[in-house]
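Each protein sequence line maps, in turn, to chains V and H.
Numbered per numbering that gives the first Met the number 0, the first sequence spans residues 0 to 336.
Numbered per numbering that gives the first Met the number 0, the second sequence spans residues 0 to 324.
In short, the hints are calculated from the structure, not lab data.
Hints are supplied without guarantee of correctness; some may be wrong.
Calculated lysine-lysine pairs in the PhoX-like style (CA-CA distance at most 25 Å, straight line) [what the hints assert, rightly or not]: (1) Lys-96/H <-> Lys-57/H; (2) Lys-38/V <-> Lys-236/V; (3) Lys-93/V <-> Lys-120/H; (4) Lys-38/V <-> Lys-120/H; (5) Lys-226/V <-> Lys-236/V; (6) Lys-93/V <-> Lys-236/V; (7) Lys-47/H <-> Lys-264/V; (8) Lys-9/V <-> Lys-242/V; (9) Lys-250/V <-> Lys-264/V.
Not the full set, but computed from the structure, chain V residues with beta-carbon under 8 Å of chain H [what the hints assert, rightly or not]: (10) Gly-44; (11) Met-45; (12) Gly-49; (13) Gly-50; (14) Gly-101; (15) Gly-111; (16) Met-114; (17) His-115; (18) Gly-128; (19) Gln-164; (20) Ala-191; (21) Met-192; (22) Thr-194; (23) Tyr-265; (24) Leu-328; (25) Tyr-329.
Beta carbons are placed, not taken as given, at the ideal position from N, Cα and C, and that holds for glycine.
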Amino acid sequence: MAKTTRRRRKTAPAAVAATVDEVLGYYREMLLIRRFEEKAGQMYGMGLIGGFCHLYIGQEAVVVGMQAAIGEGDTVLTSYRDHGHMLACGMDAKGVMAELTGRAGGYSKGKGGSMHMFSRERNFYGGHGIVGAQVPIGTGLAFAHRYRETDRLSLTYFGDGSANQGQVYESFNMAALWQLPVVYIVENNQYAMGTAVGRASAQTELFRRGESMGIPGMQVDGMDVLKVRAAGDQAVKHVRAGKGPILLEMKTYRYRGHSMSDPAKYRTKEEVQRVRSERDPIDQLRENILEAGQADEAALKEIDREVKDIVTEAAEFAQQSPEPDPAELYTDVLLEA
Amino acid sequence: MTVLEALNAAMAHEMARDDRVVILGEDVGTAGGIFRVTQGLQQRFGPKRVIDTPLDEKGIAAHAVGMALYGLKPIAEIQFSGFIHDAFEQLMFGASKYRWATGGQYSVPMVVRAPSFGGIKGGFWHSQSPEAYYVHGGGMKIVAPSTPRDAYGLLLAAIRDPDPTLVLEPVPLYRALRDEVADDGTALPIGEACLVREGADVTVVTYGPLRHDVVAVADEMAAARGIEVEVIDLRSLMPFDVDGIVGSVRRTGRLVVVHEAPLSLGFGAELAATVQQVAFGYLHCPIERVAGHDLPYGFAGGDEYYRPNRARIGAAITRAVEFSF
Numbered sequence: 000m001a002k003t004t005r006r007r008r009k010t011a012p013a014a015v016a017a018t019v020d021e022v023l024g025y026y027r028e029m030l031l032i033r034r035f036e037e038k039a040g041q042m043y044g045m046g047l048i049g050g051f052c053h054l055y056i057g058q059e060a061v062v063v064g065m066q067a068a069i070g071e072g073d074t075v076l077t078s079y080r081d082h083g084h085m086l087a088c089g090m091d092a093k094g095v096m097a098e099l100t101g102r103a104g105g106y107s108k109g110k111g112g113s114m115h116m117f118s119r120e121r122n123f124y125g126g127h128g129i130v131g132a133q134v135p136i137g138t139g140l141a142f143a144h145r146y147r148e149t150d151r152l153s154l155t156y157f158g159d160g161s162a163n164q165g166q167v168y169e170s171f172n173m174a175a176l177w178q179l180p181v182v183y184i185v186e187n188n189q190y191a192m193g194t195a196v197g198r199a200s201a202q203t204e205l206f207r208r209g210e211s212m213g214i215p216g217m218q219v220d221g222m223d224v225l226k227v228r229a230a231g232d233q234a235v236k237h238v239r240a241g242k243g244p245i246l247l248e249m250k251t252y253r254y255r256g257h258s259m260s261d262p263a264k265y266r267t268k269e270e271v272q273r274v275r276s277e278r279d280p281i282d283q284l285r286e287n288i289l290e291a292g293q294a295d296e297a298a299l300k301e302i303d304r305e306v307k308d309i310v311t312e313a314a315e316f317a318q319q320s321p322e323p324d325p326a327e328l329y330t331d332v333l334l335e336a
Numbered sequence: 000m001t002v003l004e005a006l007n008a009a010m011a012h013e014m015a016r017d018d019r020v021v022i023l024g025e026d027v028g029t030a031g032g033i034f035r036v037t038q039g040l041q042q043r044f045g046p047k048r049v050i051d052t053p054l055d056e057k058g059i060a061a062h063a064v065g066m067a068l069y070g071l072k073p074i075a076e077i078q079f080s081g082f083i084h085d086a087f088e089q090l091m092f093g094a095s096k097y098r099w100a101t102g103g104q105y106s107v108p109m110v111v112r113a114p115s116f117g118g119i120k121g122g123f124w125h126s127q128s129p130e131a132y133y134v135h136g137g138g139m140k141i142v143a144p145s146t147p148r149d150a151y152g153l154l155l156a157a158i159r160d161p162d163p164t165l166v167l168e169p170v171p172l173y174r175a176l177r178d179e180v181a182d183d184g185t186a187l188p189i190g191e192a193c194l195v196r197e198g199a200d201v202t203v204v205t206y207g208p209l210r211h212d213v214v215a216v217a218d219e220m221a222a223a224r225g226i227e228v229e230v231i232d233l234r235s236l237m238p239f240d241v242d243g244i245v246g247s248v249r250r251t252g253r254l255v256v257v258h259e260a261p262l263s264l265g266f267g268a269e270l271a272a273t274v275q276q277v278a279f280g281y282l283h284c285p286i287e288r289v290a291g292h293d294l295p296y297g298f299a300g301g302d303e304y305y306r307p308n309r310a311r312i313g314a315a316i317t318r319a320v321e322f323s324f
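Sequences and hints are given; from them, build the entire structure.
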C-alpha cells in the first residue's frame, strides 16, 4: 500500500455527511445510470444499437459523487465510457439513448454515436474515442477557465488504460506549470480492455502519477458515493483556492466487458461476483439509507419505479425518433465565411 | 481459412521459421488481440515473443522501430487504424526515414498491422482509411489485402520485407469470407495488383473491402446490360502496379477508381493523374472516381452513404461507358 508520509499525498477524507435529500438524489442518479446502461446493453443485443458501446455499470458512484462536488459552469469531459457522465451532468436520457440508436433525436443528430455526444447547455464536452486524447483537451478547458478569469474548473476523467499514454503527462506538466484549475480523475476500473493494471503499469498507485510535477494525489474508494463526494469536495476546494491541479484515483470496477463484444475471459466470474456482492455502489448506499432510516423500502421502490419510467421512455423515444436524413451527412461540416 | 485465420497462420508460420519475429501491441497476448487475430500465438511462442503492451500507440510504434534497428522483425498491432495517428510521427519520421537518412546503414524491417476501413458502424474513430497520409509521407510500403489468400501472402511478404510495411487489414471481412489457403509459406509480391475479373468495356480499380462490392456490381452489369467490367484489386498502394493498370486501361479505354477514403487527395487522385499521363491517348472518357465524401464518417448513415455503395459504383461505371464527347 501507499506510504501516507509522502508530502504530496493527500489523505482521502471520510464519507461526507450529506443531507437526506442529497443521499436520495445520489441513489436515484446511480440507479438511473445502472438501469439506462442495462437497457442500452439489452438494445444492443437486439440489434437496435450498432457499432461500439461501452457500459459504465459498476462505476456509477464515481461520476455521481464528483458531479455533486462541482457547481454550475464547471466543465466535464471524459473518454468513450461516457453515458453515465452525460446522465450525471443532467443530459436528457432520451437524447442520449437516441444517439446510441443513431437517430435524429440524438444529441449529435445520430452522427456521433455512443462515444461522441455533447451538451453545451450542460457543460459536457464529450466522450472521446481515442484513449487518453481527452486529457489535454480537458487541460485546455482549464486553461480557458483561468484565462477568462472565471472561478470555474475542469473535471477531466480518464481510465487506468489512458494513464499510460504520453499525452497525459504532457498535460500534467502544463497544468502544474501554469497552476490550472483542473481536477484529474482516473477511474481505475482495474482493466484496460483485457489487461489488468498490474500487467501494464510500472506504478500501479495511479494517484502518484503526478508526483514528479508536484501534483497532489488522493486514492479514493470509488464504490462509495459519499467518499467520492468528500474527496471531490476537498479537490474542488484545493483547485478553487488557486492551488493548481489535483489527481484523484477512484478505485472502482467495471462489471461488464470493455465493450459489448468483449467476453471478458481475462478475469473470473467469481471475481466479478465478489465485487458485485460486496462492494456494489448502489446496494451499499441502499443499505445505508435503510439502516439510517433516511427512507423506507416503499420510498426507494418509488424511486426505482420513477427511474424505470425514464429509461422506458428513453428507449421508446430512441426507437421512434427517425433515422437522420442522408442529406444530414453534409450539414455542420464547415461554415461559409 | 478466414482472413483472420490467414493472418494468424502467416504470423505463426514466420515466427516458427524465424526467431527474430516478435509481436507487440495492446491485448495481443493473453486476450489474443482485439479481433483475435493473434489468438493462441502467445501460448505457442511465449510471452517473450508475443508482448502485451500498455495502451500507448506512440510507444508501441517507437519500440518497434528500436527493435527493428537492432535486428529484430517486430509486428506491431494498432487496434484500429483510427488510433494510429498518435504513432504518426514515429512511423513517418522514425520508421520510414532511417534507410534514407543513414545512407543505407540502417533499415527498419517492421510491420504495422492496422485494422482499417468502414462497414462496422464504427463512426469516424473506428472507420478510418489512413492510406493517403502514409503514401504521401514516403518511405513505407503499404498493402491492403481483401481476401484470405492475399492476407496470408501479403502479410508474409511484409514480415520478410527489409522495409517498414503498413498492412491495412479489412475489418469487415475478418470473418466474412473463406478461401482455400495453403499454409506453405508462399509470400505474394508486394506491388502486384490482382486481376479479379476480366472485361473489355471498362476498368475498375479498387482495393480493400470494396473489392467485393465492385465485383458484385460488375456481375450485375454483365447479367443485366451486357457491360463487361474488368476489376483490378490493387492490393499494394506503395508501390502500386502502374503497368498492370495501364495495360488494362489500354484495352478498355475507360477507368473508374473506387475507394472509401475521402475523394480529395485520396489514392484515386494519384492513380488518375498517373494514368492520364501514361495512357492519355487511350482514354475514351474522363476518369471517374467513386470515394468517401470529404466529410467525417458518420455513425448514422456512414456505412450506407459515406462508403461508396453499389448504386454509386454502378452509376460511375454507367457514366464511363455511356460517355460521349
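Verification of the supplied hints:
1. Lys-96/H <-> Lys-57/H: Holds: Lys-96/H and Lys-57/H sit about 16 Å apart, inside 25 Å.
2. Lys-38/V <-> Lys-236/V: 36 Å, violated
3. Lys-93/V <-> Lys-120/H: Roughly 21 Å between the alpha carbons, so the hint for Lys-93/V and Lys-120/H holds.
4. Lys-38/V <-> Lys-120/H: The given pair, whose Cα atoms are some 20 Å apart, holds under the 25 Å limit.
5. Lys-226/V <-> Lys-236/V: 15 Å, holds
6. Lys-93/V <-> Lys-236/V: 34 Å, violated
7. Lys-47/H <-> Lys-264/V: 21 Å, holds
8. Lys-9/V <-> Lys-242/V: With a Cα-Cα distance of about 13 Å, the restraint between Lys-9/V and Lys-242/V holds, given a limit of 25 Å.
9. Lys-250/V <-> Lys-264/V: 21 Å, holds
10. Gly-44: At 15 Å from the nearest chain H Cβ, Gly-44/V fails the 8 Å test, so the hint is violated.
11. Met-45: 15 Å, violated
12. Gly-49: 4 Å, holds
13. Gly-50: 4 Å, holds
14. Gly-101: At about 4 Å, which falls below the 8 Å cut-off, the nearest Cβ of chain H leaves the hint on Gly-101/V intact, so it holds.
15. Gly-111: Constraint on Gly-111/V satisfied, holds at 6 Å.
16. Met-114: 7 Å, holds
17. His-115: 6 Å, holds
18. Gly-128: 3 Å, holds
19. Gln-164: Holds, because the Cβ-Cβ distance from Gln-164/V to chain H comes to roughly 6 Å (cut-off 8 Å).
20. Ala-191: OK, holds: Ala-191/V within 8 Å of chain H, min 5 Å.
21. Met-192: Where the cut-off is 8 Å and the nearest Cβ of chain H is about 5 Å from Met-192/V, the hint holds.
22. Thr-194: Constraint on Thr-194/V satisfied, holds at 6 Å.
23. Tyr-265: The hint holds - Tyr-265/V has a Cβ within 8 Å of chain H, the shortest such distance being about 6 Å.
24. Leu-328: 5 Å, holds
25. Tyr-329: This hint holds: Tyr-329/V lies near chain H, its Cβ roughly 7 Å from the closest one there, short of 8 Å.
Of the hints listed earlier, those the structure fails to meet are numbers 2, 6, 10 and 11, in rising order.
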